[in-house]
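Trainee: When you get a sec, could you build the whole thing from the sequences and use the hints?
2 protein chains.
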Amino acid sequence: MTLAELQNLIDRSLFATLAYRDGEDRIQIRRVFCTWHRGLGRHLISTNTSSGHVACLLRDGRASLYFADDVRFEGLNLTGTVTVHTERPWKELLWHDGDEKYYPKGVDDPDYCVLEFAADGGAYYRFDGKGTLTREETEAWDRDRSFADTYALTHAAGEP
Amino acid sequence: MTLAELQNLIDRSLFATLAYRDGEDRIQIRRVFCTWHRGLGRHLISTNTSSGHVACLLRDGRASLYFADDVRFEGLNLTGTVTVHTERPWKELLWHDGDEKYYPKGVDDPDYCVLEFAADGGAYYRFDGKGTLTREETEAWDRDRSFADTYALTHAAGEP
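In order, the protein sequences belong to chains L and S. Position one of the first sequence corresponds to residue 1 (this note's numbering), numbered consecutively onward. Position one of the second sequence corresponds to residue 1 (this note's numbering), numbered consecutively onward.
Keep in mind that a hint or two might mislead.
Here are the simulated EDC-like cross-link-like pairs (lysine to aspartate or glutamate), alpha carbons at most 20 Å apart as the crow flies [said to hold, decoys possible]: (1) L/Lys-91 / L/Asp-108; (2) S/Lys-130 / L/Glu-136; (3) L/Lys-130 / S/Asp-69; (4) S/Lys-130 / S/Asp-69; (5) L/Lys-91 / L/Asp-109; (6) S/Lys-101 / L/Asp-128; (7) S/Lys-91 / S/Asp-69; (8) S/Lys-105 / S/Glu-87; (9) S/Lys-130 / S/Asp-22; (10) L/Lys-101 / L/Asp-111; (11) S/Lys-130 / S/Asp-120; (12) L/Lys-91 / L/Asp-70; (13) L/Lys-101 / S/Asp-108; (14) S/Lys-130 / L/Asp-22; (15) L/Lys-130 / S/Glu-87; (16) S/Lys-91 / S/Glu-139; (17) S/Lys-130 / S/Glu-87; (18) L/Lys-105 / L/Asp-120.
Keep in mind that the hints were calculated from the coordinates and are not lab data.
Mentor: This is the structure we're talking about:
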């Protein structure tokens with residue numbers, strides 16, 4: 001797959017799969033809503049600070065993030081680390097009207113935080129073969145990009 | 001979620017997400033076709049023996065398997081271990097007419113093997129809350145069950 005095809009897979013996904021280590025070094029997996037991306041290498045996820053996965057990621061930030069399309073048989077696994085952001089600029093960036101239903105105290109709700117996944121490499125799979133994505137390729141591809149929410153690009157208003 | 005609801009989530013899934021450790025102790029994630037189950041705790045996956053994930057799992061069998069329904073917002077993460085089976089009875093069990101396109105040498109193709117995932121615990125997530133699944137609950141639920149392919153139960157012939 002080309003880097004543009006990998007970017008397209010990421011950009012049209014609503015969800016990704018996050019895998020991380022719990023306190024007993026077991027792998028835990030969760031589906032996460034993930035539509036904020038900076039190119040191939042950086043991805044933002046809003047979540048509850050009190051969640052079990054946040055506690056695990058604060059202890060051990062090593063994680064993997066997987067984007068897949070089961071219909072086209074495409075998958076991209078990124079390995080990397082997660083940083084937990086509690087600073088207001090990150091929280092403002094991802095805030096949507098109506099998020100009070102998840103975070104009743106608004107943008108400043110201490111139970112609202114933003115996870116930033118930063119890739120250090122990747123592997124992709126498609127019906128026609130597989131390959132790897134290096135940190136250097138990712139950094140070069142992402143250099144002039146900034147964070148953007150692909151939800152509005154790929155999903156019409158009002159549609160899930 | 002009740003155990004019956006968790007079983008229903010597993011039984012209506014075609015794919016699951018497998019996470020395992022590579023040679024550098026990074027988490028790798030792959031989507032796998034997974035329709036053979038023995039209750040909640042044991043799951044079979046046919047795959048290429050030469051695949052990278054088989055090499056990783058032979059070195060370190062610790063893995064997690066995740067079943068999710070993005071529409072109903074249900075997810076079940078099982079932690080456990082994978083055994084790689086190359087014995088003919090396992091390979092016969094999962095063989096389908098037409099699998100020669102994946103394994104040209106047929107059932108005895110050395111590049112065809114069966115992964116058995118055995119859970120030692122789990123955690124589930126749904127819109128209405130989360131909870132854990134213990135090894136004891138799983139073993140009691142699975143005791144009188146045997147391996148069965150849910151593909152035919154949940155997907156009409158000819159439909160993907």
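Trainee: A separate judgement is required for each hint: does it hold in the structure or not?
Mentor: Hint by hint, here is what the structure shows:
{"no.": "1", "hint": "L/Lys-91 / L/Asp-108", "result": "holds (8 Å)"}
{"no.": "2", "hint": "S/Lys-130 / L/Glu-136", "result": "violated (39 Å)"}
{"no.": "3", "hint": "L/Lys-130 / S/Asp-69", "result": "violated (26 Å)"}
{"no.": "4", "hint": "S/Lys-130 / S/Asp-69", "result": "holds (15 Å)"}
{"no.": "5", "hint": "L/Lys-91 / L/Asp-109", "result": "holds (9 Å)"}
{"no.": "6", "hint": "S/Lys-101 / L/Asp-128", "result": "holds (14 Å)"}
{"no.": "7", "hint": "S/Lys-91 / S/Asp-69", "result": "violated (29 Å)"}
{"no.": "8", "hint": "S/Lys-105 / S/Glu-87", "result": "holds (15 Å)"}
{"no.": "9", "hint": "S/Lys-130 / S/Asp-22", "result": "violated (29 Å)"}
{"no.": "10", "hint": "L/Lys-101 / L/Asp-111", "result": "holds (12 Å)"}
{"no.": "11", "hint": "S/Lys-130 / S/Asp-120", "result": "holds (18 Å)"}
{"no.": "12", "hint": "L/Lys-91 / L/Asp-70", "result": "violated (31 Å)"}
{"no.": "13", "hint": "L/Lys-101 / S/Asp-108", "result": "violated (55 Å)"}
{"no.": "14", "hint": "S/Lys-130 / L/Asp-22", "result": "holds (16 Å)"}
{"no.": "15", "hint": "L/Lys-130 / S/Glu-87", "result": "violated (27 Å)"}
{"no.": "16", "hint": "S/Lys-91 / S/Glu-139", "result": "violated (24 Å)"}
{"no.": "17", "hint": "S/Lys-130 / S/Glu-87", "result": "violated (38 Å)"}
{"no.": "18", "hint": "L/Lys-105 / L/Asp-120", "result": "violated (35 Å)"}
Of the numbered hints listed earlier, those contradicted by the structure are 2, 3, 7, 9, 12, 13, 15, 16, 17, 18.
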